[in-house]
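Chemist: Chains as they are written, first to last, in numbering that gives the first Met the number 0: chain F, 0 to 208; chain R, 0 to 208.
Each hint should be verified, as a subset may be incorrect.
It does not matter which identical chain is used: a pair holds within one copy or between any two.
What the hints assert, rightly or not - In silico SDA-like pairs for lysine to any residue, Cα to Cα no more than 25 Å straight-line:
no.: 1; residue 1: Lys138; residue 2: Ala208
no.: 2; residue 1: Lys61; residue 2: Pro92
no.: 3; residue 1: Lys138; residue 2: Ala44
no.: 4; residue 1: Lys42; residue 2: Thr157
no.: 5; residue 1: Lys61; residue 2: Gly207
no.: 6; residue 1: Lys61; residue 2: Leu177
no.: 7; residue 1: Lys120; residue 2: Arg47
no.: 8; residue 1: Lys138; residue 2: Gly18
no.: 9; residue 1: Lys120; residue 2: Arg192
no.: 10; residue 1: Lys42; residue 2: Gln2
no.: 11; residue 1: Lys61; residue 2: Leu196
no.: 12; residue 1: Lys42; residue 2: Arg154
no.: 13; residue 1: Lys120; residue 2: Ser194
no.: 14; residue 1: Lys120; residue 2: Glu51
no.: 15; residue 1: Lys42; residue 2: Ser89
no.: 16; residue 1: Lys42; residue 2: Ala141
no.: 17; residue 1: Lys120; residue 2: Arg48
no.: 18; residue 1: Lys120; residue 2: Gly207
no.: 19; residue 1: Lys120; residue 2: Val57
no.: 20; residue 1: Lys42; residue 2: Leu99
no.: 21; residue 1: Lys138; residue 2: Thr98
Hints in this document: simulated from the structure, not taken from any laboratory.
Number of protein chains: 2
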Amino acid sequence: MRQQIDYSLYLVTDTALCGDLGVVETVRQAVEGGVRVVQLREKEADTRRFVEMAVALVGLLKPQGIPLLINDRVDVALAAGADGVHIGQSDMPYAMARTLLGPDAIVGLSVETMEHVTEAKRLDVDYLGISPVFATGTKTDAAPPWGLEGVRRIRLVTNHLLVGIGGISAENAPDVLLAGADGVAVVSAICGRPSPLDAARALRLAVGA
Amino acid sequence: MRQQIDYSLYLVTDTALCGDLGVVETVRQAVEGGVRVVQLREKEADTRRFVEMAVALVGLLKPQGIPLLINDRVDVALAAGADGVHIGQSDMPYAMARTLLGPDAIVGLSVETMEHVTEAKRLDVDYLGISPVFATGTKTDAAPPWGLEGVRRIRLVTNHLLVGIGGISAENAPDVLLAGADGVAVVSAICGRPSPLDAARALRLAVGA
Chain F
0 MRQQIDYSLY LVTDTALCGD LGVVETVRQA VEGGVRVVQL REKEADTRRF
50 VEMAVALVGL LKPQGIPLLI NDRVDVALAA GADGVHIGQS DMPYAMARTL
100 LGPDAIVGLS VETMEHVTEA KRLDVDYLGI SPVFATGTKT DAAPPWGLEG
150 VRRIRLVTNH LLVGIGGISA ENAPDVLLAG ADGVAVVSAI CGRPSPLDAA
200 RALRLAVGA
Chain R
0 MRQQIDYSLY LVTDTALCGD LGVVETVRQA VEGGVRVVQL REKEADTRRF
50 VEMAVALVGL LKPQGIPLLI NDRVDVALAA GADGVHIGQS DMPYAMARTL
100 LGPDAIVGLS VETMEHVTEA KRLDVDYLGI SPVFATGTKT DAAPPWGLEG
150 VRRIRLVTNH LLVGIGGISA ENAPDVLLAG ADGVAVVSAI CGRPSPLDAA
200 RALRLAVGA
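With these hints in hand, go ahead and build the complete structure from the sequences.
Modeler: Dropping the structure here:
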């Protein structure tokens, strides 16, 4: 049976941003601070390194019951025994990813246009990633921002769980939830901060205990 | 049961080199000219495009009984229903790839040092890719060339099928086979040639009918 996931505070990793502290230590602190879902995103690493990182995070997160999703790469998710994947519109088509991962895996899908939202209504995706909510410097190929008004519009047309991502901070996270999102995903609000632990705690307070 | 493969003439694709003719038409001509195995290698395309290319090649090659391998990406191989993968030393570890693909898939492994060859002796890989045999401009991160002497040395220490790759042409292909390889793989000797069909025919003659 598919897990019930708490998407309220969701970390997407960025290896370059994590710098000397590293992805694993950043994730450890983030989870201690209140992050409830982690997505490993690697756009530069070769497959061997990507798998090693995923295996390390599975070892850290599985004992704590925190789900780990892999960005894009179904093979890495399967090899490492991660809980699922997050896919975008230029990744593997949803139906193929679901077939390869099976019915119990978590599969999230980014939506960048209202057409994507409408198409996703017939899919049993676990959540939609509203991407980006605000303008962001982290993802250079991002689509135009949805804004809070976009989150409200998406909420009106779909029953899927919604996770906002892009330019989200402790300051604006409550607005994103009020607009209808079930959770917020962050990258630079945690990765690369002097204390990822403190940053996660501040975000945890912002989205509710 | 695992297929018996004829590795005598093996094409590795290069999308940039194939240019306006395209990968699919290049592969079509190459197979008509005598290529017996095809590896789809995509280092730039996003996952969606990679899967689309793989699906197109499966549609072309399966009816002709020509095996299609996917470079590195087990997910793309599984999604497209390809015959297997070719992995390098920085790709997924062999045991993981074999587990995900199953016992009947074809899994080839690149060897760049004698240590790789020795390590591979205990693995049920389908073939070893001797990489590179000669200096090549196609793969910019290639290891130092093995040379014909390297092929001979590998032949003495392993029972695995051997496919040479790197700088191989119709002129030097017979020497690679004489040194102990079971087949030769080419990229630029076919991709980007004015007539991939004629180029494949010349290679076919060189390696034996």
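Chemist: If a hint holds in the structure, say so; if it doesn't, say that too.
Modeler: Verification of the supplied hints:
With identical chains, the CA atoms of Lys138 and Ala208 are never at most 25 Å apart, being 28 Å at best within one copy and 52 Å at best between copies. Within a single copy, Lys61 and Pro92 get their C-alpha atoms only as close as 27 Å, which misses the 25 Å cut-off; across copies the closest is 22 Å, which meets it. For the identical chains of this complex, Lys138 and Ala44 are neighbours both inside a copy (16 Å) and across copies (18 Å), given an alpha-carbon limit of 25 Å. Proximity of Lys42 to Thr157 under the C-alpha cut-off of 25 Å is found in neither arrangement, the shortest distances being 30 Å within a copy and 36 Å between copies.
Within a single copy, Lys61 and Gly207 get their C-alpha atoms as close as 24 Å, which meets the 25 Å cut-off; across copies the closest is 55 Å, which misses it. In this assembly of identical chains, the alpha carbons of Lys61 and Leu177 never lie at most 25 Å apart, being 31 Å within a copy and 53 Å across copies at closest. In this assembly of identical chains, the alpha carbons of Lys120 and Arg47 lie at most 25 Å apart only when taken from different copies (20 Å versus 35 Å within one copy). Taking the closest pair of Cα atoms, Lys138 and Gly18 come within 25 Å of each other only inside a single copy of the chain (17 Å); across copies the shortest separation is 30 Å, beyond that limit.
For the identical chains of this complex, Lys120 and Arg192 are neighbours neither inside a copy (37 Å) nor across copies (47 Å), given an alpha-carbon limit of 25 Å. Within a single copy, Lys42 and Gln2 get their C-alpha atoms no closer than 27 Å, and across copies no closer than 35 Å, so neither meets the 25 Å cut-off. Taking identical chains as interchangeable, the C-alpha atoms of Lys61 and Leu196 lie at most 25 Å apart only when both belong to the same chain, with a minimum of 19 Å there against 53 Å between chains. When the C-alpha separation of Lys42 and Arg154 is checked against a cutoff of 25 Å, the pair qualifies neither within a copy, at 30 Å, nor between copies, at 38 Å.
For the identical chains of this complex, Lys120 and Ser194 are neighbours neither inside a copy (39 Å) nor across copies (47 Å), given an alpha-carbon limit of 25 Å. In this homomeric assembly, Lys120 and Glu51 come within 25 Å of each other (Cα to Cα) only across copies, at 24 Å, whereas the closest approach inside a single copy is 35 Å. Both within a single protomer and between protomers do Lys42 and Ser89 lie at most 25 Å apart by alpha-carbon distance, with minima of 13 Å and 15 Å respectively. Proximity of Lys42 to Ala141 under the C-alpha cut-off of 25 Å is found in both arrangements, the shortest distances being 14 Å within a copy and 21 Å between copies.
In this homomeric assembly, Lys120 and Arg48 come within 25 Å of each other (Cα to Cα) only across copies, at 24 Å, whereas the closest approach inside a single copy is 35 Å. When the C-alpha separation of Lys120 and Gly207 is checked against a cutoff of 25 Å, the pair qualifies neither within a copy, at 28 Å, nor between copies, at 56 Å. For a Cα distance limit of 25 Å, the shortest separation of Lys120 from Val57 qualifies neither inside one copy, at 30 Å, nor across copies, at 30 Å. In this assembly of identical chains, Lys42 and Leu99 lie within 25 Å of each other by CA distance both inside one copy and across copies; the values are 21 Å within and 22 Å between.
For the identical chains of this complex, Lys138 and Thr98 are neighbours neither inside a copy (28 Å) nor across copies (34 Å), given an alpha-carbon limit of 25 Å.
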